[in-house]
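Engineer: Going line by line, the protein sequences match chains A and B. Here our numbering is used: the first residue of the first sequence is 1, the next is one more, and so on. Here our numbering is used: the first residue of the second sequence is 1, the next is one more, and so on.
These aren't lab readings, by the way, just hints derived from the structure by calculation. Nothing here was measured: the structure is a model prediction, and the numbers come from that model.
Once the Cα atoms are required to be at most 25 Å apart in a straight line, the calculated DSS-like pairs of lysine-lysine come out as: (1) B:K299 / A:K272; (2) A:K101 / A:K508; (3) B:K202 / A:K70; (4) A:K291 / B:K285.
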Amino acid sequence: MNRTLILIPLRNLAANKTTSLIVGSIIFFGTFLVVLGTSLIDSIDASMSKSITSSITGHIQVYSDATDEKLTLFGGGFMGGDNMGELRNFADIRTELENLKEVKAVVPMGFVNGSISGGGNRIDQILEEMRDALASADSVTLEGLKGQLQTIVRDLLESRNKLLDIAEDQVTLLQSIQDLNRVLETSFWDSIESTPDKTLNFLENNIAKLGDTGKIEYLRNLGTDLERFPKYFDRFEITRGQMVPAGKRGYIISTQMYENRLKNQIARQFDKIHKDKFDFGKSIAEDPDLKSRVDRLPRQYRRITYELTPENSRILATKLEKLLPEATGDLVSKLKVFLNVNDDNFKSRHDFFYEVIAPMIKLYWFNIGDTITIRSVTQSGYYKSLNVIFYGTYRFKGLEESSMAGAFNLMDMLSFRELYGVMTEEMKSEMEEIRKEVEFQEVGRENAEDLLFGGAESESTTDDVDSVAFESTVSPTEADALIQETFSDKEINQGLSLTGAVILHNQKDIDQALAAIDSANNTKQLHLQTTTWQGASGIVGQLIYVIRGVLYFAIFIIFLVAFVIINNSMVMATTERTPEIGAMRAIGAHRKFVMRIFILETLILGISTGVLGACAAAGLLSYLGTVGIPAPADFFIFLFSGKHLYPTFSISHLLFGITVVILISVASTIYPARIATQVEPIVAMRGRD
Amino acid sequence: MKRLFIIAFRNLLQAKQRTLMLSLALSIVALLLIILLALSQGVANTMRKSATILVSGHINVAGFYKAKVDDSFPLVTNVKQIEQTVLNGLDGIDYTVIRQRGWGKIISANNRIQVSIHGVEIEKEPGLKSRLRMALQSEYKEGGQNKALGDINQLQELDTVAIFAGQAKKLEVDVGDPLTLTTETLAGRVNTKDVRIVAILKDMGFLSNWTIFSDTRGLKELYQLNEDTSGAIQVYLKDPDQAEQAMATLRTVLSDAGHDLMEHNPNPFWQKFQIVQGENWTGQKLDLTTWDNEVSFLKWAVTGLDAVSLSLVGILLVIIAIGIINTMLISVRERTREIGSLRAIGMHRRQVLLMFVLEALILGVVATTVGACTGAALASLVDSAQIKIPSAAVQAILLSDTLNLTVTPSQILKTIALFTFFSIGASLIPASRAARMEPVKAIHHVG
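With the rest of the complex left out, here is chain B (with noise of 0.2 Å):
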């Protein structure tokens, strides 16, 4: 066996040149992929990042309540005992919040837009404040100053909020600046506020551009609604890998302690009234999802990536495997000789097979590490340098402003042991028709 390496790790030496070209071939297309799988990942954890900062816990207990069948309130009713419930009932949870959730316009002197508004009680979100940034003035306003004003703190504070860059340059406000807020609440009836900008934070994609942070107080004061009733309980887990187990677990302990449950609907709550409002039933049911849910209308983008990547990828392979044929059958016919002089002195067929399979592995471990390697670290690079995306489709479709990379070992591993083994797939033909040769016919054969 050692031996058999060593001979094909010779005859690929020998070939310098041909080794070299098809090392090239398979570490650009190795390269291609690492990056192409990184910026899929980049794109799925923006989402994932930005989903869990901006509008869903790993796991979310929401739901509806219905005063008569045609209402849809996105509403949880005593909603501290619930999160009790929750806390005792499941293992593994990093931190509960409780936030309030409406819609409505933030209106501005100069402009208006239509925001999805979340009341957070902001003392009890230390991770949210440890993950939202400050924008510097100068990113909203012209001629702003290159350091961030406001203090996502004073959340706290009655009729505050907090609005990302991409709306303040809408809007043309700045921190402290005053807002109205205007809502319809749940009798249809349209309430306003007068509000206060305490904080302008960085934009995290589109998701962001639909998104502001209210003092609770405040919000539930627009929707008329009592102490105990929220919108939803998000549960941040310690490891978010677990939330479709947790969710499980989670309506199990739920219905357990006598709630009733929506059936499990993968999308986002806002896709849901309808639905509730055509069924029968009035009160309170809870619907559970995971944050993957209520951003499941982002995914065609992450899906659409992976398309594109995946056929671009067999096509190159395709071509590469044809090249790895060729080049094969050629170097079986140039060194029909050297095969039927092996096979005289006693290797055996199995043996020359494996030789050429050997030839095959190493050029495919070899060249698919190189390349997957430079491209991994290429992403990297590309991704620590926050680079801004020019395009709004392109940001559109990547979610953020900037291009994110994501690589992970085991994208590089999996991309390694594909390449190597359709590397080895590719070499099977002409290793089979070496392995067929009969030894005198080889021998006398003129090359």
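The shape of chain A in the complex, shown without the other chains (with noise of 0.2 Å):
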């Protein structure tokens, strides 16, 4: 190679300014694309992996081989319904797997979900302290709770009547209707003194039964180790209350699900709009969807006064007043003036509101240490009710925002084996057997669970609809007895799981460890399958791989085009450079020579601003590197593993990137610079015309 088949494409590049500009601008967007959007999947998808294994998968999920669905922790598609199969005796698995030299800990996990009811019976409440005040002959405290269980009945029959018009069942109705009267009259408390067994009877048989339940929340849980989870999923950190103590069944909330779903509605829009407002820059003025939920906030003012008692509904009225002179008349008009908030106002009423009102009101369904009922429907189809201690709520760092990483509730081993109700395998047959002795239309499930485990408290059948069938309930002794046992690691690790979470050293020897754990699992009959961290995060986790392929098929479109445009460009050029090209091979020069020039001509052109655009790349990626890209959506802190993405990229990023561009370039200039090659000396210096 010689000077001047450098310098022959540098002049050419150099008088062919616009062809330079336009060719050169293009390769400068393509390098500019490729390398930016490379390094910012690969970006996501490792901000991603994290998310996904250090909040609930680990990095290998083992699961039973005798299921053959696909393990999908984050959900497949159906509410429920998923069957990992069971592991029968996960401490067989933990020692086998915990030998390899690539695993570092095998996690058991089982998943199970259920219902918890906020609030409780608030008559049971009241009826247990009438008893205590009847024997401690208290009578002015004795007249409260008459006061306060009368104001319960009135609402009870307000909404007994209002039932009547929706109910199929009337009689019921109206014989409850009449319960509810008889302890409105005088009367009725006559001789409560005198003989209290008899009212309390009627109040505990006809009335409690009336009372609400309270709110109903849907959980999901998972049923862990709680010692070694948070040991060896390192983001795990409490943020309220403590851990469930060691040996202790326990139950560990999510601060996601603490915050959103079991937060009084009118904090929890407080907490929403100034989200929305201080976080996303929104403006309650501007904001539909911002507009709408301020608008609705006065009308909720129940939440508040519902949970005052008389002598906190006082003090409020008075503060409010202080707050807002201009509001008038008595406190629920007052709060209403109060919950109208604006652009302007919201600050100082969100901080009044959690330093006056949040403290006289129950700001969530429990406290920590508080006993909740988890209610389940087991594996055989029954209901199962446990009472376990909330010890506190936790998170994944970086995750705080993400309601997919705060997807699952934590509990010990032992309660979640008792909500997800083992059956062994002669259960399930025999089973089985009643079922085909009996015609199933008329034993039901739960008849034959009554028949396999000696009988629940009910005998309804199935055409009896309004029952609470087959609950299976435990007496308040025997849950305090298990509130207060306590259990050994090896009662933890020798019984069933669902699936092992397997946590390396070395995320990168995945492959291998996949591999030694397949040769363990034939050797030792394990019957075990396995899946990665993608694989188990289901739709999630193949969610990057569409991100992948859309952006492959966005650049392979867009060099599919700049190939046709580069290359027009070129040819044209080639054209006009006839004569110039003529003259050249008239003094000699080879076809070789005259296609040399060319293809280094876009080379260079290549090169440079294919670098040009890598580094602009480079250089806006470590920009955002440093200040992050924040997350538009909830979604996208799952995606990001935090509220922003810092994405990196390498040097092999900007390599790929640069290589494609120079191929394709010098691709498209292989049939302009054949065209090129075709001029004859002669015909090319007589010109075109």
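Fit the two chains together into the complex; they arrive one by one in their own frames, and the hints show the way.
Structural biologist: And the structure:
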């Protein structure tokens, strides 16, 4: 290669400024896009993998090979119905797998959906307090309790009357209305001190059952080894309360769930508006969604008034008067004025709510230390209630805002096994026997259950639809015993688990680890199948493939079009330079030489603008790497593994981008260059005309 | 004008190669845009179709009933009378149906899933009957026969359900098998009932995973509701595009008839429980929504798809614009002497400009028409092939397990108009350079 060969292309590039500029800018943007796109996608891939592995799945999930369904922990498109199979004895699996050199730990996991109800039955509480008051002959308290009960009864009566409009079974309803009315009569209370049992029994049998069970929330629960979970999922941290003590039963709720679903509605609205306004910079006046949220707020005042004691009502009324001298009327109208917020007063109202009102009300359904009743449908289809102590709330560092990372609440392995309802093979086949023997329509599942388990309390049949049929309730004493009970590490491990989360020393070893687990599985007959975190995360994990696919498709199309355009520009440039090429050929340049000039021309242009484009992308990426790309929505917090994505790039991204672009540009020059080589010296010198 | 047109056409023909190249680029992008638009429209159509079959009418007259302030039951009382008011008060109704709404678990011997239960009176729902497709046994059962078992008409009978193929696969059940249906009633009690599967239906995207149909009487019993209380009146219109206006009309009609209406909230009913629970009223309030509102939570897919399509096509158009500008600039330079001559024999600057613009116009129209039509043909072909989507994530995004593409004439026309407009815009720079030329200098130009 000689100097001329370099100089000619350089001169040509300078001479055909427009063409150079245009081809150059296409190459520039092409490289820019490829480098930016691939770096971003790899950054998202890495952050999402961090989110998923560090929140629930671990690096690898092992589960029973008895199920032919794929394990999907973040939802596979159905609600419930995941048949993960069962690992009968987790201890064996743990021992075998933890022997492998890649594996740091295996944590047992069991998944069970359950519902909890908030509030509880206030009537039951009142009746208990009445008994105490009667026992200590405290007539003042008794009178107060009577008043409270009558208030509740009046509300119940009103709602029962309304229910007459929609309910099919009028007889029962009318009976309950009659009972409620009786409680409101003064004569009903005459004999409470002389024959308390008669009165209280009536209240217990006829009235207490009408009381509200309260609101219901459905929760997804993860039963695990609570000692080892925080150790190996190192993003885990307790935000309130404490971790469940070792060897104790207990429940840990995700902060997300606690704040978004178990918090007082007004407080939640204040939180949400505060977040929209101050974190996302929305304005109440301009954002329609925020505006409608704000408009609904005053109507929800009961969420406060219901919670206030008479004493607190008075205090709040006085404080509100100070804050809002213009608001007149009773507490309700004052509160309505208070809850009427706008962009100017929101901050002060929000602060007042948390300083003054929040301490007076029950801010959350449960407080730390409360006993919660969780109800689930067991494997065999009957309902199971379990009392556990709520010890605290947790979150995964960096994923505070993501509802996906906070999807599960944690409980100990033993509580999980109970809610899950372990069924042995014999029980299963026995059930099947009974099912076959007896006509199904007559004996429902719960009756079969009765036969199997020695009968539940209820005797109702399937046709008796309004029954709490197959509920297996735990009596208070039993429940207390369960809560007090302690268990050993051995009990956690030697028993049922649904999956095991395998944590590796190094995520890079995932392929070796999979192979090692497979061979251990084969030699030791562990009956396992494995899936990586990506597989286990279901649709969420696949999403990255989709995004990648879309990106590559886009790059492909962009280059296809760029190829055509560059090609065209070069062909035209060649035609224009026909005389010049002819001259070169006439003074002895070989076809090869002409070809080289053209290719070199593009190469020089490609490398220089390609490098520039890659540098520009690198510059933008490093800038974004320091300021971060804010997550626009909840789901992105999970993708970004935090509120911001801090993209990174590597030399390989830059090289990849530049190489691809240069290949494309050289490819698009070959055709025009060939045209140039076809030029015959004599024709060329004659020119076009 | 005609002459200019002919000149422009000739010029394009003469520079065959570059015309072909630019046309190719324009056609590819037009084709791409059409396919992406068809995909987005396909998803939107699938959404509308499954929404209006599974969960919603074109308009829904639903609402909430509160026996006490803390309640929020998704119920409508006096449903027969309200249906009559709707029928009398609104023109353009095709038909109305009353649907019971429930939420619970279906349990088989092997598995259980959470579903929303739609109580239907199948004999009064010819629309539903004709639009639901039965699944072949082989679709949900290994080694099953290639024929559909069951009969949707049996939903008339008490304690029957029709479920979807995906659910049947999960639950490992077949037509005729029993299922246990459990729900939590209004009072928070657990009610349960054994039901019989009378039909297994073809899946309809994601929405059908969470939906089953049951006979309305059985569901009412489960919730202990009287005859005249139900979940929603679903109104089907002759022209579904009129849903928004029809809903506005219905709001007036119902409020004039003395019904209390909730403020319009364009979200599905199940997102409103908390709001209603917090509000300070008791008794009945009606809530009107369109089908669009009831599936608003699925719209992110269409929005995302549109965003990706638009940015991709945007980038491509910029590249093409650069290409057009470059090509025409060179062409202007090449033709300098020709332009000079034309100007010298009396052609106006404006005509020169027009000549070049016309070139771009012809190029744009022809190339995009070819691209758009090929795209449309390709899209229809793919659509009719009913290609299965392999990835669950893609299925979730496209709301369907087969690839649905819908091409509309308006898409094609819009694409052609947009692209032609665009190439004209790109040609303005070189065209005005041509128009600015001084005749004498131009003739002397050595090209």
